[in-house]
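A.B. asks: Residue numbers (my numbering), protein chains in the order written: chain A, 1 to 458; chain B, 1 to 194.
Simulated from the structure, these hints should not be mistaken for laboratory data.
None of the values given here were measured: they were computed from a predicted structure.
Heads up, the beta-carbon is just placed ideally off N, CA and C, and yes, glycines get one too.
Check the hints yourself; a few may be wrong.
[Unchecked claim] Just some of the chain B residues that point at chain A, by a computed CB distance under 8 Å:
1) Ser81
2) Ser82
3) Gln109
4) Asn110
5) Phe130
6) Glu159
7) Phe161
8) Glu162
9) Ser184
10) Lys193
[As the list claims (entries may be wrong)] Using C-beta positions, here's what the derived DEER-type ranges look like:
11) B:Gln148 to A:Lys313: 30 to 36 Å
12) A:Gly391 to B:Glu54: 54 to 60 Å
13) A:Leu327 to B:Asn173: 24 to 30 Å
14) B:Lys57 to A:Glu321: 23 to 29 Å
15) B:Gly53 to A:Gly319: 22 to 28 Å
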Amino acid sequence: MNTLFDKIWDAHVVQQVADGPTQLYIDRLYCHEVTSPQAFDGMRARGLKCFRPERIYCMPDHNTPTHDQDKPIEDPVSRKQVDTLERNAREFGLSHFGMMSPKNGIIHVVGPERGLSLPGMTIVCGDSHTSTHGAMGAVAFGIGTSEVEMVMASQCILQMKPKSMRITINGQLGKGVTAKDVALYLMAQLTTSGATGYFVEYAGEVVRNMSMEGRLTLCNLSIEMGARGGFVAPDETTFEYLKGREYAPKGEAWDKAVAYWKTLQSDATAIYDKELIFDAKDIEPRVTYGTNPGMGIGITESIPSTGDSNFGKALQYMGFEAGEKLLGKPVDYVFLGACTNGRIEDFRAFASIVKARKKADNVIAWLVPGSWEVSHQIKAEGIDEVLRAAGFEIRQPGCSACLAMNDDKVPAGKYCLSTSNRNFEGRQGPGARTLLCSPLVAAAAAVTGVITDPRELL
Amino acid sequence: MKQKFNIITSTCVPLPLENVDTDQIIPARFLKATDKEGFGDNLFRDWRYDKNGEPIKDFVLNNPTYGGCILVAGKNFGSGSSREHAAWAIAGYGFRVVISSFFADIHKQNELNNFVLPVVVSEDFLKELFDTIANDPKTLVEVDLPQQTVTNKATGRQEHFEINGYKKHCLVNGLDDIDFLVASKDKIEAWEKK
């Protein structure tokens with residue numbers, strides 16, 4: 001009896017290398033500008049063409065500025081990287097959604113919303129947050145640049161098969177508790193290496209009741225527990241989300257696809273290498289206090305009094321004391337966006353708190369949609385007016401302050417409540433202090449100027 | 001990049017920190033290059049240099065007491081971003097081996113694909129090695145890939161380490177995965193027809 005992970009994996013095995021890895025066929029390769037140029041160079045050096053160019057989609061997202069995208073990028077090094085992707089895509093005959101293309105955005109937002117990431121697929125990208133696409137019921141994982149080159153050259157990758165883990169979350173999430181809080185809770189429970197070597201299947205009532213946006217957020221953060229990837233078995237929510245999307249199957253092909261996708265379930269008697277069960281009632285809105293995503297607490301809790309060998313170094317970097325509460329601490333920056341929380345539902349959540357309130361004067365807020373599609377929907381739903389009335393502006397799409405490869409850098413020593421995925425030292429700019437949280441917690445801080453329990457404002 | 005790998009005996013650079021993420025190995029602002037050159041200069045950039053670009057004296061890479069082509073790091077080395085630039089930085093600096101009790105998956109693979117050998121040892125072995133290096137920075141460690149053994153020459157303590165036979169063959173002979181995959185074109189096409 002097999003897990004869904006086994007079924008998708010096994011269906012893509014080209015061969016098992018003796019005393020070695022599996023040669024796995026890859027349905028979809030996404031390329032962004034940061035982790036692909038050396039792979040294209042490698043292909044040229046070997047005189048190779050892409051083996052299946054129609055399965056590869058390219059778009060810049062990491063370096064893109066979040067303003068004036070119609071003008072050339074000011075930073076010449078960023079501009080060169082973005083231009084190099086376009087030139088490589090043209091040379092190798094690959095689809096490319098360039099800056100200002102209505103299809104551009106963060107790869108992990110665009111893939112699902114365009115219907116390019118589908119149930120049952122194997123999906124890779126030179127980016128650890130490729131786990132996001134697992135929300136569609138796919139086996140999706142991040143790879144290095146050498147592996148990007150492997151897929152370009154052969155549409156295959158060599159991988160040791162990960163172990164399987166099921167994480168079940170029972171019950172109902174409380175008011176103000178989101179998929180982001182679930183993920184931050186899991187990271188704190190498992191630590192940042194607790195799922196290393198595993199592929200995670202998320203299950204249980206909480207996951208079944210989650211929207212696709214919520215599942216994308218949850219799967220996105222699988223890597224922060226060390227997992228290679230995470231996924232949710234497809235269901236009506238998945239099919240409803242995909243129906244009519246640009247690259248999703250249409251007509252008869254759609255019916256056939258859905259019939260197949262409905263078979264993509266773990267067997268009832270499937271055995272996992274590891275099973276973990278949690279209860280939704282134990283999860284409250286959360287925030288991180290340290291320098292890895294596992295160093296987090298419920299928003300009403302205090303920072304622990306002790307931790308691992310990095311604990312003291314992390315608190316010193318963050319300017320916090322062991323045992324103190326975070327509620328009421330002043331905030332300098334708020335960042336809403338990233339492949340973690342840059343989708344329409346995240347903007348709706350943020351707007352639900354700031355509506356009829358005003359941005360705090362001490363806060364600089366960057367609101368960055370994950371794609372142009374999200375940006376257009378924000379306007380179509382009138383969310384932009386709500387945000388503008390509260391003193392916020394919406395920027396142009398990209399990865400932005402999640403890793404600060406563009407101009408959106410948090411200055412040294414400043415505190416940023418961020419809906420992104422990593423609070424590593426210097427992640428949002430040298431010396432920047434990042435506190436990871438949900439869009440609701442970010443919004444509550446944006447209007448009060450201090451760390452605030454969003455449940456008080458809902 | 002393709003370097004044949006056999007037996008390496010060297011002094012070590014100790015980094016007794018846990019959860020060293022790839023953002024620390026090479027910060028994102030240095031990922032804008034379109035080639036693989038020069039990343040070693042910015043290895044551990046923000047621990048190694050202050051904001052004026054001056055070396056931070058107490059960081060291990062700036063301490064002339066320590067040197068060699070083996071990096072020894074605390075558990076969960078290379079977590080976070082999949083950036084292969086981290087492996088290019090480690091290789092570019094001149095490290096051939098990284099010893100730790102635990103590696104993040106993607107980074108471990110990235111090291112292997114750049115002919116840097118990740119060696120997983122027990123917590124005990126790692127602790128003893130850190131202690132030995134602290135006592136004597138000239139401590140030698142021998143990493144024998146064909147025999148799959150790692151030896152602390154100061155104490156004589158030896159451990160076996162795991163590596164799959166295929167990857168070992170690649171490292172010993174200076175071959176990479178793309179050579180293998182491109183040669184399997186017929187099998188791939190047969191799979192696609194299924």
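A.B. asks: Under the constraints set out in the numbered hints, which ones does this structure not fulfil?
C.D. replies: 5, 6, 7, 8, 10, 12 and 13
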